[in-house]
Amino acid sequence: MRTAMDPVRRATLHQQTAALATLENLRSGQKLSLQDEEVLREMAKDINECLPTVDEELQQIQADIQYLEGMLGRLRGRAVALSDEKIRMEDQSALCEASIAPIRRVPVEIMGQIFEQVVTSATEHGLGVPTDLHSLTTTCYAWRMLALSTPSLWSTIRMDSGSYLGELSRRQSAAFVRAQLRWSGDAPLHLSVLVASITRGDDQFDEAWRGVCSQSHRWKTVIVNAAGTNSTFWQDNPCFTNLPALVDLKIWMDERDTQFPVVFDSPKLRRIEIDHSVLNFARQSHFPLSRPSTLVLTGIPLADCLSAMQWFSSTLESLRVDLSRLTLAQRQAFKPELIVLPILKKLHISGDGALRYICRSITAPSVRHLDIDRLDEHFDGGEDIVQMINRSSAAIETLVVQRCTDIEDRLLDLLEGLPTVTELQLDAEIGRSHLNEKLFLGLTPSAENSPCLLPNLRRISAAVSAVKAHGDVSFAKVLQMMEELRKEDCVVDGRLYPAVKERLVTRQPWDITFDNSDSETNDSNTRGGADDEESNDSDYIECETDDVDYTTDSGCSD
Numbered sequence: 001m002r003t004a005m006d007p008v009r010r011a012t013l014h015q016q017t018a019a020l021a022t023l024e025n026l027r028s029g030q031k032l033s034l035q036d037e038e039v040l041r042e043m044a045k046d047i048n049e050c051l052p053t054v055d056e057e058l059q060q061i062q063a064d065i066q067y068l069e070g071m072l073g074r075l076r077g078r079a080v081a082l083s084d085e086k087i088r089m090e091d092q093s094a095l096c097e098a099s100i101a102p103i104r105r106v107p108v109e110i111m112g113q114i115f116e117q118v119v120t121s122a123t124e125h126g127l128g129v130p131t132d133l134h135s136l137t138t139t140c141y142a143w144r145m146l147a148l149s150t151p152s153l154w155s156t157i158r159m160d161s162g163s164y165l166g167e168l169s170r171r172q173s174a175a176f177v178r179a180q181l182r183w184s185g186d187a188p189l190h191l192s193v194l195v196a197s198i199t200r201g202d203d204q205f206d207e208a209w210r211g212v213c214s215q216s217h218r219w220k221t222v223i224v225n226a227a228g229t230n231s232t233f234w235q236d237n238p239c240f241t242n243l244p245a246l247v248d249l250k251i252w253m254d255e256r257d258t259q260f261p262v263v264f265d266s267p268k269l270r271r272i273e274i275d276h277s278v279l280n281f282a283r284q285s286h287f288p289l290s291r292p293s294t295l296v297l298t299g300i301p302l303a304d305c306l307s308a309m310q311w312f313s314s315t316l317e318s319l320r321v322d323l324s325r326l327t328l329a330q331r332q333a334f335k336p337e338l339i340v341l342p343i344l345k346k347l348h349i350s351g352d353g354a355l356r357y358i359c360r361s362i363t364a365p366s367v368r369h370l371d372i373d374r375l376d377e378h379f380d381g382g383e384d385i386v387q388m389i390n391r392s393s394a395a396i397e398t399l400v401v402q403r404c405t406d407i408e409d410r411l412l413d414l415l416e417g418l419p420t421v422t423e424l425q426l427d428a429e430i431g432r433s434h435l436n437e438k439l440f441l442g443l444t445p446s447a448e449n450s451p452c453l454l455p456n457l458r459r460i461s462a463a464v465s466a467v468k469a470h471g472d473v474s475f476a477k478v479l480q481m482m483e484e485l486r487k488e489d490c491v492v493d494g495r496l497y498p499a500v501k502e503r504l505v506t507r508q509p510w511d512i513t514f515d516n517s518d519s520e521t522n523d524s525n526t527r528g529g530a531d532d533e534e535s536n537d538s539d540y541i542e543c544e545t546d547d548v549d550y551t552t553d554s555g556c557s558d
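FYI, the numbering for the sequence shown is 1 to 558, going by full-length UniProt numbering.
By construction, these hints were calculated from the structure, which means they are not laboratory data. Among the clues, some could well be false.
[To be verified] With beta-carbon atoms standing in for the labels, derived distance ranges: (1) Pro336 <-> Pro419: 42 to 48 Å; (2) Pro419 <-> His470: 32 to 38 Å; (3) Ile87 <-> Cys490: 43 to 49 Å; (4) Arg74 <-> Ala44: 20 to 26 Å; (5) Asp6 <-> Lys487: 55 to 61 Å.
Here a beta-carbon is modelled for each residue, glycine too, at the ideal position from N, C-alpha and C.
Build out the structure end to end from the sequences listed, making use of the hints.
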């Protein structure tokens, strides 16, 4: 009775038999010697005797695998249970902490936003300037402490010198500004100034403005609209100094303001926006303004626009130019000059005039994002765009076309000249005529359309208008064409066209075809208001020892 061979012996036996018993020997028909036949016979016998042992080992391993798989399943189930338990414990811990908080109805961040909206009640241009400090004393102690202990709530200062404000309102407004400067602590200031009339002689505004200027080292964002009638603001404030924290500057000027206000000591300034102004950059031999990375020019003359671009050319990464109101005189006085913007990455141009004249004047080798705005059927600047891109040897990756009407064929010509675009964003909220079958056929590769438009397109989005003019495709058709566009990778004439991996169609919520059921207020929410009022009364905390001085000066007490 032979015993089972160990693995080493089995391996040796396998090597020995492999040398004698091969397929080549069988095919050759060559007769083996008697000695080789005897050796192979013994080897075959030995192999057959060790096969049961191999079967037993294999069965044992399979049993071990089944046991480990069962153990792994139990461990996974335990992990899921522990994960659910962890979430429950975290939720319970949050409830415990919220229950002992001084104000536990809503997070402090939300309360802060509510406070800022209610107390300041200011608009984008600084209207509705707050004037009443008394309202702060009529709130509950918890709200007062939240307001007074959060400097950022007081860091947005809005000033208005409008003559429509009464004398009492102007005094209260100035007092409010002083209170903001006091309670904002060391927080960065966000300043918005609206000068709607003559500022000289407005003692309340002048006093508040001097207080704000004394804190110029805290200015972070500044918006000044001094384009009002008879405004003397820029004559009285030709320069700003000591602005170490200033990041964003936006100003409105008019034809009486011939020079940009000089800004000193602003090393962090990154964004400048100039609106509705008549400037003269060339007359300033010294322009000690920090070089920003973002420049926005709206409504200024073409010559001054080019001068500003030339001055900031070395640091600009984002440029937005709106020359939609370009006059005939400006067009005739245009003198081409090449401006190199070496690190510009994002270019936003509004208006056909800006496209034509700005694109003829710049070289931007690093630009990757191109935003085209406010074009119509008279748009003929597409060739200038393509020439600018080719001259710069740039590769546009993202193309945004917004607020454009009746530009179907011109849009196709533009897309044909920008083959490197990988993301296309189309804004059709004021007309969807360019969202038609011709566009999507041009974007679809086929034997008849090779190479197609935007061969590297990976993302496409469209904001569709609720307005459907005669001849426009339906919204359902737009959805269908978007869904069918390049679903999969395809090869046409040996060229690979990758599939579009992201596609998005949006509409405005006021679209008449929208389902607005989610926005309706149900009865339960309405009924809940009374309960909340009762509970708020019970949460009112009367403070007998509140010694905070809410009256900053005598002017506030009137």
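Among the hints numbered above, which are violated by the structure, and what are their numbers in rising order?
Failing hints, ascending: 1 and 4.
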